[in-house]
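Chain residues, written in single-letter form:
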Amino acid sequence: MEKQVQYLEEAVIRFAGDSGDGMQLVGTLFSNTSGSIGNDVNTFPDYPSEIRAPEGTLYGVSAYQIQFGQKRINTPGNKIDLLVAMNASSLKVNLPHVKKGALIIVNSAGFDEKNLRLAKYQKNPLEDNSLSDYQVVPLNISGLVKEELKDSQISPKYVDRTKNIFALGMTYWLYDRPLHHTEKWLEGKFGKKADILASNKRVLKAGWEFANTSEIFKTQFKIKHSDMKPGYYRNITGNHAVAIGLVIAAHKANMPLFLGSYPITPATEILHFISGYKEYKVKHLQAEDEIAGVCSAIGASYGGFFAATTTSGPGLSLKVEAIGLAVILELPLVIVDVQRGGPSTGLPTKPEQSDLFMAMYGRHGEAPLPIVAATSASDCFDMTIEAGRLAIKYMTPVILLTDGYLAQGTNPWKIPNLDELPDIHPTFVTNPEGFAPYKRDPQTLARLWAIPGTQGLEHRIGGLEKEDITGLVTQDPANHQKMVDIRAKKIENIVNDIPLAVVEGEQHGDLLILGWGGTYGAIKDAFDKLRSDGKKVSYCHLKHLNPFPKNLEQILKSFKRILIPELNMGHLRTIIRSTYLIDSIGLNKVQGLPLNAYEVEDKVNELLKVKE
Amino acid sequence: MEKQVQYLEEAVIRFAGDSGDGMQLVGTLFSNTSGSIGNDVNTFPDYPSEIRAPEGTLYGVSAYQIQFGQKRINTPGNKIDLLVAMNASSLKVNLPHVKKGALIIVNSAGFDEKNLRLAKYQKNPLEDNSLSDYQVVPLNISGLVKEELKDSQISPKYVDRTKNIFALGMTYWLYDRPLHHTEKWLEGKFGKKADILASNKRVLKAGWEFANTSEIFKTQFKIKHSDMKPGYYRNITGNHAVAIGLVIAAHKANMPLFLGSYPITPATEILHFISGYKEYKVKHLQAEDEIAGVCSAIGASYGGFFAATTTSGPGLSLKVEAIGLAVILELPLVIVDVQRGGPSTGLPTKPEQSDLFMAMYGRHGEAPLPIVAATSASDCFDMTIEAGRLAIKYMTPVILLTDGYLAQGTNPWKIPNLDELPDIHPTFVTNPEGFAPYKRDPQTLARLWAIPGTQGLEHRIGGLEKEDITGLVTQDPANHQKMVDIRAKKIENIVNDIPLAVVEGEQHGDLLILGWGGTYGAIKDAFDKLRSDGKKVSYCHLKHLNPFPKNLEQILKSFKRILIPELNMGHLRTIIRSTYLIDSIGLNKVQGLPLNAYEVEDKVNELLKVKE
Amino acid sequence: MSTVVDEITHRQHVGTVDYTPKDFKAPIDVRWCAGCGGYSILAQVQRIMPGLGIPKEKIVFISGIGCSSRFPYYMDVYGVHSLHGRAIAIASGLKIARPELSLWIATGDGDCMSIGGNHFIHACRRNVNLNVIMFNNGVYSLTKGQYSPTSQQGQITKSSPLGVLDDPFNPASLALGSGASLVARGYDGDPKNLQYLFERAAQHNGFSFVEVYANCVIYNDGAFDLFTRKETRNEHSILLEHGKPLIFGDNKDKGIKLDGFKPTIVSIADGKYSVNDLLVHDEQDSTLAFILANMTYNPEMPRPMGVFQAIERKTYEQKVEDQIAYYSGKPGAGKLENLLIDEDSWEIK
Amino acid sequence: MSTVVDEITHRQHVGTVDYTPKDFKAPIDVRWCAGCGGYSILAQVQRIMPGLGIPKEKIVFISGIGCSSRFPYYMDVYGVHSLHGRAIAIASGLKIARPELSLWIATGDGDCMSIGGNHFIHACRRNVNLNVIMFNNGVYSLTKGQYSPTSQQGQITKSSPLGVLDDPFNPASLALGSGASLVARGYDGDPKNLQYLFERAAQHNGFSFVEVYANCVIYNDGAFDLFTRKETRNEHSILLEHGKPLIFGDNKDKGIKLDGFKPTIVSIADGKYSVNDLLVHDEQDSTLAFILANMTYNPEMPRPMGVFQAIERKTYEQKVEDQIAYYSGKPGAGKLENLLIDEDSWEIK
Ligand SMILES: Cc1ncc(C[n+]2csc(CCOP(=O)(O)OP(=O)(O)O)c2C)c(N)n1
Ligand SMILES: Cc1ncc(C[n+]2csc(CCOP(=O)(O)OP(=O)(O)O)c2C)c(N)n1
Ligand code: SF4
Ligand code: SF4
Ligand SMILES: [Mg+2]
Ligand SMILES: [Mg+2]
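Chains as they are written, first to last, in the numbering used here: chain A, 1 to 612; chain B, 1 to 612; chain C, 1 to 349; chain D, 1 to 349.
Bound-form chain A, shown alone (with noise of 0.2 Å):
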């Protein structure tokens, strides 16, 4: 059959089906193929919240969402262009996300009587016309997999299990992809066991033919490989970016690595992937509770590690105290929070940006420290590197502040060329000449750091308020006072050694977007989507939350109206009121969902309607 071949910009499609069908799987190997022909891909990931859930429900439905495409892909994307579904139940739940008059493949074996019962089908939606306004290919998928593995030696079960591989193989011809990224990571897994890498490689090969032969499939998509600079990349969640910055920051800080922590959804991964560092000679310790995870990780700093501690909301609330105590020994330490539907236990598996006002001012005392924030799954890795080098120079706590989509959402990675990265000194001192625990470096203000091992310059430090330069308990007022101030002045110093806000569109006008961390790609989705449609808009994008960016003010000042979007009921607003006396519009969504682009480009197109 002759086939037709349409040209994309980009594409959105997700797998779904029942939490054991391989449905992540499936979306990581079809990310990774992208990626790996040059497609820029963010990608999705969508568990259900139950552990396992009864097969067939609901609320077992497991989905990977991915869009690829030629240009910068910011986002996983809105509406599907094509939904593979294993059974009834992803169906249903995912239908709302589907384009009208998109290709929706469904493994017709997943619509038996039981799953559509457990679905809360009343008829089969396959018969009834009710999905007319699509392009509905029902194969029995189940069927075609037994039938080209009818000669092989292993079980049935398996063999309905490979139901994944052959619809990936469908989508690969779909979107014109190659076989062979895929075929060598099944080399790699299944190495050792031959039939069933052989088993996967004749089914994702039968797929891909299936799609090129079947007189179905009237269209293949091709989508133009998008400019990526050279070099090695891969597809990277951010949690796997923050652990693999703490590695590598403590390398350019020429430090060993600590991690105290205690598992909490989102932030566990990170925490898994350490725990396998132990050949890069990483130390950690999975604690009792948060509370050993920060101080277990404030004793290592003590030695001279580079230490963090990783967690998400609960964990963050309990850390506070041993915070405080970090701030006032003046000893560095990096603070993860990926940060998670609130208040309380919340929408643990949800995103949100509510911990931005706890980072800010959640301690008791005067205890401030520097705040950053990462943009994207591989943006977490910058700023795991730059709040450790932060840290570092500056002997302080630093709190990284993620989220439960970057966490686990994937975006290609460039990986880098470590000598480009910054490097990071700490202040240790080793002569006892002079030497006093809280004399401090004139420029940065960090103090003077002697690690136990360090001849001579034995020392005591404590909780308790030191005196300047002696580090001696007193409760001396003028010395407070000094001291408070010093601390205060050590983190707004900063502002001097962080990049300057950049402003993109016009640097002056109507309306400014204000954005701060995970929400970086739906907001540029809008944002160059309001461009192309002649939108005078312009957008600024926020990393570090504390202290803000010099010409930050000089930006707002710019502007008639600021547009600041976020998963909260507006903390940044609140503390960019506060700081400049500025208000702005709050476009606040409190959801347990990602910012979506259309909620941007709609308050933005409404807000230019009314012209101020």
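Because the hints were derived from the structure by calculation, they are not lab data.
All figures in this text were calculated on a predicted structure; none of them were measured in a lab.
Hints may contain errors.
Unchecked claim - Label-pair distances were calculated between CB atoms; the ranges are:
1) D/4 with C/26: 54 to 60 Å
2) D/192 with C/325: 48 to 54 Å
3) B/500 with C/341: 29 to 35 Å
4) A/433 with D/244: 48 to 54 Å
5) A/416 with B/557: 51 to 57 Å
6) D/152 with B/5: 55 to 61 Å
7) C/349 with B/497: 33 to 39 Å
8) B/495 with A/499: 54 to 60 Å
A virtual CB, placed ideally from N, CA and C, is assigned to each residue, including glycine.
Dock chains B, C and D with the ligands against the given chain A, drawing on the hints supplied.
Chains B, C and D with the ligands only, in chain A's frame:
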């Protein structure tokens, strides 16, 4: 000898001695006597931070300062009119606070070689003319009491310990106070020990007689009675007022009281008092840590008790996760934070106002709650009742901020008539008809409250986001937004249920002083002084910090300039900026000391010089 | 004055207290994985509830966070799904406030012994009358498979890809060392014994700790098979019964004898030893309890199940009640005037 | 690549390691009350330090908050006065990071067993090589006299004006139940034994818990007099010595015999029993340790002092080192390229 009489409006005296010298006791007795004759009184004890520092040392000095007078006395006063110093160290430590020309009575027996050495005096200050700016009266008080009790049966050691009572007797003559209030107290205390009682009474009288007859004291000072409203009074510390306030608030709510707490300076005394209230059927748990303290209170609250937890900075840091739980469970809880110097362990015995940020913003996720603050020791009673009222009426945790200064200082408290206090109405429901745990009172938005034991209303609540009305667990995005909005709205609405802010002085003009919490007395003194000097300045003091009173914005906008004195780096100032986009001038003192009236005066005078 | 709470506390249950297990099922789906050990625990709790004769409104389940801590949602009584590790702290406050309530805690090995360890040991010490059911699955399941304080050395989990280094707690020893008055162990696959243990916990007037080996089919499947599967359990576990000699084995042919204070296995089949030589279990002997608990990680000894110790000691909440009764019962006690006006007060007329 | 820390860790001490106790005195005044038990503990620590042969720069004292926790300020080595209850958590991180350091913890009964209880039991379990000296004065002193988890029932304190209701922890039992490898007890007034215990702790390669009865003259004066004053201590306490029979009494005429596994007091003066009938202490027997620890609050038994248990078990930090050595020693291990570029990566040219 003919004595002169001098009439005063007010006076400041300070008893100072070694920790073992009983200065706190005589200070208390002097204030109670002064109160009982109709003076207004304000006191502040100044303990050493060591438990029992070696005798005679500089850091072992214990002092008690009292300001008393005819008009409203708002602070323990600044410069001292009469210092009683029992030894060399107490003279040295306290001399900087004494007015030039003031009277200093010293126990010369406390100036022997050892005492002088411990006080780090090179020469005896009683002999080297270094005190010529003062009227120094050296008396061998040790010798005087020995003489007085020479025929008594009590031990010489105990005899020496009555020095303080002798000094008290002298001060009673000097300020024309009766002895009977103290005599009555001695009878209550030593009723069963006849020798001791008799000796103390004799020494008290002897001190009075000595001053009356000796040539040394030429003037007796008299202070007219204040214009106090009729009723019963007592001098009360802030901590004591909170403890009694909790009992009374529970009583007004017709609920039993539970306190879950962990000792921490300077909040511990609240626990001490409560632990003695078994006769009032008050239950409490001295928990294993602050987390268990607040959690046990949440448990008791769930069981229908009026529940509270008391702490100071570090403890508040530990409680924030559980406070977030109380927010989402929508259970009432009174959290008392007696603020002390931070960060970390900081200055544990010293006052500060640096937990306001923590109270306002220190929880992960969106977890708003009401904040109130007390302005004086006795106001701690009223604000405890207010915190309880809001907690129960709105089903929410409420934070009450006091500080180490209010906690330990005293002023006369007019004992209220219980009927005049606001009634508190819990939203208990018992009718299963149409019950749902997150159904709300449409006015207050408080949810209905069914406590265990209520038949037919069995239900489950928890820290995961809950469905509106039913309280079932749900991750529905729209519901999450709705619940976040409702919880915010509920707290915002309280604005309609709290008193309007009051401005003293002109209602609009050039300069407004805006204060909050425990600095009231100092600012009020300054304000009164400025007004009597004819300065045009107005004054508004906040007791409700979240939400702010409804008219606050209007008030702030009625002044060109606003001065905000705070014992922190600008917490209220920051919140005012973000709330109203109104700038202000900060007077920020972070020295572990209370605010001084003259600091406010100086600042205002400086500001008034440069008219805006 | 009697408070609103007094009123509710003393209100009579309307109707008879006559339930079936179904009455304790909350009207929502249980969302544990198929095969999860939690189902059996839930079923046994629901089965014994009617027999306790306690009105539903007087029963409260409190949990922390974890798969196991979902438990309260499935019980149609009062319930709080609270914070990770804090169930016991919350329940302690509730029990002291409302001693007449029947208080149950559903918790996991992580919830109870990791983040919740401090509250656990202090509740053991204080002897607050709580019934703690700890689902020990040797792993953090809800967070998808990290090791817990009861995971075994070398165990491969998501956070120990190279093997766990920690020595585990022996939960029974920890409870005994902390002063718990009732300490017991059961496993998901033995409904009869579980029912018995839960009943014992309910009847015990004091802190009850029931550790239940609960299989997590996803993250630690089969961890307890040796002690719980038909094929091996008779040889590898032993049921402690008060007043009875310690016998085990497929043929009931082995027993535990004390060698000094060291438990050893002897055969009672070959005639050398008889039942009379065997150690007889005594729940009231706390030293014996520790000796038996100490067998737990000894690979040569069968794993003890049943009640290690059950000692009556006055409960904390009872002591609070007594103290209150004593002081509030004194003549003239409880007058608020005395609280407000004391010897230091004065009157201005 | 070797890090800065490696360099400092491996740097040789310049000069000989040859100290006197005075070398360990920090140049500031000790600010405990006259008569405080802390003075003796401080003196004994300073006395044994020279004998350990450890360079001062390798010694770190970490404490929480409390009177006792002021300790590090008085020692002229490295020190951290940290947060209430968190000393062990901080020290665990430091010890895992820097196993070559000699780590000491000064803590109080409140700091260690109340707010710090969770870290305590987990460090016992993990067997991190820390030397914990717990100043047990049965009260919270720094906060001016509230009861602690080791206060006795009925004790009158500022926060228990009507008497303490809580049952106290038995610190030794708690430590044993949590898996501590060395557990010991001494008291302030016995310098020799304290020195011995601190030396044992220093030498023990694992977690060492030394409880010291420390008199607080202000808030709980005389609480331990029965066991510590000359007039009564011989009759009311007993020193445990490895391999020796348990004998006590003014005339060394009483001994402890086991009746089954119950310790009983017998006279060895009246000829009925001899030294040979007595229980012989064995530090390596953890059941015996528990039996002896259990005597603690038994008013009929003498209070045991000395080492209850000393068992060698691999330390946690050693296991970490071993795992790191194993995996980092594999051929090709530790290449950062492999961390950065993996099988999923691709190259764009
Ligand atoms: C303060 C806090 N820290 C961490 C978590 C994440 N968390 C939830 S459950 C859990 C462990 C659960 O393990 P366990 O108690 O054994 O329960 P299981 O799921 O195995 O039944 C963790 C670490 C949390 N919810 N809150
Ligand atoms: C988080 C926190 N909670 C409470 C306190 C107050 N606090 C300081 S020391 C202490 C108890 C000290 O008791 P213990 O450990 O027995 O030491 P001691 O003073 O008796 O030597 C308390 C409650 C604190 N500093 N920090
Ligand atoms: S993950 Fe394990 S513990 Fe959790 S529900 Fe599934 S089987 Fe049960
Ligand atoms: S209060 Fe007690 S523990 Fe503290 S220093 Fe004084 S005697 Fe020692
Ligand atoms: Mg578990
Ligand atoms: Mg103590």
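Here is what the structure says about each hint:
A hinted range of 54 to 60 Å for the beta carbons of residue 4 of chain D and residue 26 of chain C is consistent with their spacing of about 58 Å. Separation of residue 192 of chain D from residue 325 of chain C is about 50 Å and conforms to the stated range, judged on CB atoms against 48 to 54 Å. Distance hint check: the CB atoms of residue 500 of chain B and residue 341 of chain C are about 32 Å apart, consistent with the given range 29 to 35 Å. Distance hint for residue 433 of chain A and residue 244 of chain D: a CB-CB separation of about 53 Å, consistent with the stated range 48 to 54 Å.
Distance hint check: the CB atoms of residue 416 of chain A and residue 557 of chain B are about 52 Å apart, consistent with the given range 51 to 57 Å. Distance hint check for residue 152 of chain D and residue 5 of chain B: the Cβ-Cβ separation is about 58 Å, which falls inside the suggested range of 55 to 61 Å. Between residue 349 of chain C and residue 497 of chain B the Cβ separation comes to about 36 Å, which falls inside the hinted range of 33 to 39 Å. Separation of residue 495 of chain B from residue 499 of chain A is about 41 Å and departs from the stated range, judged on CB atoms against 54 to 60 Å.
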